[in-house]
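Trainee: Sequences listed follow chains A and B, in order.
Using my numbering, you'd call the opening residue of the first sequence number 1 and step up by one each time.
Using my numbering, you'd call the opening residue of the second sequence number 389 and step up by one each time.
A portion of the hints provided could be inaccurate.
[Stated by the list, open to error] From chain A, some residues computed to sit far from chain B (all C-beta separations above 10 angstroms):
#1 Gln36
#2 Ser41
#3 Leu117
#4 Ser120
#5 Gly312
[What the hints assert, rightly or not] With the Cβ distance kept under 8 angstroms, some of the chain B side facing chain A (calculated, not the full set):
#6 Met441
#7 Arg443
#8 Thr466
#9 Ser481
#10 Leu484
#11 Leu511
#12 Ala517
#13 Ala533
#14 Ile613
#15 His617
#16 Asp631
#17 Gly760
#18 Ala764
Quick caveat, the hints were computed from the structure, so don't treat them as lab data.
Just so we're clear, the structure is a prediction, and the values are computed from it rather than from any experiment.
C-beta: ideal position from N, C-alpha, C; glycine also.
There are 2 protein chains.
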Amino acid sequence: MTRDVAIIGQGMTKFQEHWDRGVRELAAEAITEALQDATISHEQVQALFVGSMGRFGGQEHIGALVADYTGLTPIPATRVEAGCACGALAMRSAFLAVLSGLYDIVVACGVEKMTDLTDSGDLISALGAASDQEWELQAGLTFPAVYALMARAHMAKYGTTKEQLAMVSAKNHKNAVNNPKAHFRREFTIQQILQAKMVCAPLGLLDCSPVSDGAAAIVIADSEIAETHECPVWIRGSGHASDTIALQDRPTITNIPAAQVAARKAYEYAEISPDEVDVAEIHDNFTIGELMGLEDLGFVPEGQGGIATEAGETQIEGGKLPVNTSGGLKARGNPIGATGIAQAIEIMLQLRDNAGKRQVEDVEVGLTHSIGGSGATAIVTLLSSKRR
Amino acid sequence: MTRDVAIIGQGMTKFQEHWDRGVRELAAEAITEALQDATISHEQVQALFVGSMGRFGGQEHIGALVADYTGLTPIPATRVEAGCACGALAMRSAFLAVLSGLYDIVVACGVEKMTDLTDSGDLISALGAASDQEWELQAGLTFPAVYALMARAHMAKYGTTKEQLAMVSAKNHKNAVNNPKAHFRREFTIQQILQAKMVCAPLGLLDCSPVSDGAAAIVIADSEIAETHECPVWIRGSGHASDTIALQDRPTITNIPAAQVAARKAYEYAEISPDEVDVAEIHDNFTIGELMGLEDLGFVPEGQGGIATEAGETQIEGGKLPVNTSGGLKARGNPIGATGIAQAIEIMLQLRDNAGKRQVEDVEVGLTHSIGGSGATAIVTLLSSKRR
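Okay, chain A solo, but in the shape it has when bound (with noise of 0.2 angstroms):
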């Protein structure tokens, strides 16, 4: 009885520092871009899902803004907020939205300005408002801290090691290159990553992903509307799933459980398996997230992602499974709201055969991975080019 769903059209911003424009002229050149790439008029939209962290900026009510912004009131505007997952949960949202029948057509958008902070303990205050601040950000553990405690325990208990993290950088930023939207399109050695300055023993700076600005939007569409279209992409699974707020209450910290239960629900939902996905997104917040993301998606055994990582896998060329040819949060850039539906929109620029140098061939199932905070939001979708 349930509706089939699909991704009708993308658009986003180039990722990098946009000194010179806010969140409301971000989202909507990403939308605009989106509703031409999907044939759609503004009077077509039924709904919005923005998804946004916020705090960077003075602004918050940022679904209204940008339904103002780009033109498209008085529709219904939701902003959704999830930490790194917000982009990803403005998808889900839509894909809710048009389930529930009330709407055909909705745009999910994601956007960030985080260079509206500009003093770095004031960032560093922003982004740990999605870990749990009573007891983590107060207590001194910041972002890269929380994820420098997994890698350090993954590295301990399966002998994961550093330069197995290093690869997982130096991949991302060489799929990047490939990216015109990317933020950092440049390679960097193995060497270059290990000597890279340290962040939080054993993350370096080039273990983590870098401070950007941009937008990044989705036109999602009934089957009715989407047929009519040349290259849907069909949201075929979704899981959500939620945990502790805070590392220290969970009985694991060498995975992250939430996404293992979202990546069973997406799973259930498409009735795909994970050898059958071709291409995949994952959450590469730190290069540890990469590894630790492959193991909870069922991609490789537990423990083995650093290993598969080496065997060379999770490469465009000649993996068996390419992984983040975006380049990642890592190369393309992790604008917070903006990340999950960046995701999407390569996994369809794959899907569709339009990703340029990058492209992996015969591809027809990708799958996307966010993460919020350390875990305590997960969200696994899984698109295809073809229907159920």
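The hints should help you fit chain B onto chain A, whose structure is shown.
Mentor: Showing chain B alone in chain A's frame:
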């Protein structure tokens, strides 16, 4: 084909200054009470929606935080935000989620800990984040000032008087005396209200809703589950609309166009007309808000809000349409995120004949009206004891 959806349980903290508790404790109390009221166990809840503006403390990612502290992990937790309409947006999002068919039992919660900010300048900035920060707040146009402009225009255009504004406050304070959950349970005379300290002319201190802490939660379920409960309250209609974020960009400032759009959609959805509504909770963040609401919702002709109030039409005793029997934002209190849910709870109590000394007779249909910012978001919900 659409599902019928009902509210089957409610819980809320007292609205007051809660110096000993934070967002997580307040939300957990409200949700636990709502689940008990619904005779639903934690394990039966399938998704959580949390409305919170959040800017008053250092914590974001409030959906997962609340799921965690209420013992609801690993269910999907979504935080939504739309200024003062956060709570109503959580209710609407939960409604859509059940309509989608993905869930049968969900919780919508609203929560705010406004007293986390004790500096009045910080508080003004936080509240101003729901208006246009760049074009309004930075120019000195605070929230009371935005509504003062609307009040002045309403007075000039329709002859509305300061006394009529004061009558809204007096009525709502009188109603709150009988609401044990209300923040300010005391009466004021018209004279006291007119002589209160001026905030922004024509709005004095007793024309403005207070700074409160609190949480409110409801359990929302599909008809199959709802029908097994004693007094389900059916969500018969829901409308949601957006408008320009800044007041200056609207053709009129003597009403709230988004509220008119949302009301029309809600009435159409429910196939209910304004004259069938027996009781209403209207967004009286400032006294002028209730007068504009009466007009925008079609209860009185344009410009007649003040006259209808003066004629006693909105009083519990002898009124044609009792408004804000709970005490409204003015006297029950306005902990931003919690307000929209608290409105629905008041209507629920009225529909269940559980409103004690403030009970209205023969209530079959009730309405809630929530406004975000100066009207960039409006959400209207129609509730009834009768299924369609």
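Trainee: For every hint, state whether the structure bears it out.
Mentor: Results of checking the hints against the structure:
| no. | hint | result |
| --- | --- | --- |
| 1 | Gln36 | holds, 22 angstroms |
| 2 | Ser41 | holds, 17 angstroms |
| 3 | Leu117 | holds, 14 angstroms |
| 4 | Ser120 | holds, 16 angstroms |
| 5 | Gly312 | holds, 33 angstroms |
| 6 | Met441 | holds, 6 angstroms |
| 7 | Arg443 | holds, 6 angstroms |
| 8 | Thr466 | holds, 6 angstroms |
| 9 | Ser481 | holds, 7 angstroms |
| 10 | Leu484 | holds, 5 angstroms |
| 11 | Leu511 | violated, 13 angstroms |
| 12 | Ala517 | holds, 4 angstroms |
| 13 | Ala533 | violated, 17 angstroms |
| 14 | Ile613 | violated, 18 angstroms |
| 15 | His617 | violated, 22 angstroms |
| 16 | Asp631 | holds, 5 angstroms |
| 17 | Gly760 | holds, 6 angstroms |
| 18 | Ala764 | holds, 4 angstroms |
The earlier numbered hints that this structure contradicts are 11, 13, 14 and 15.
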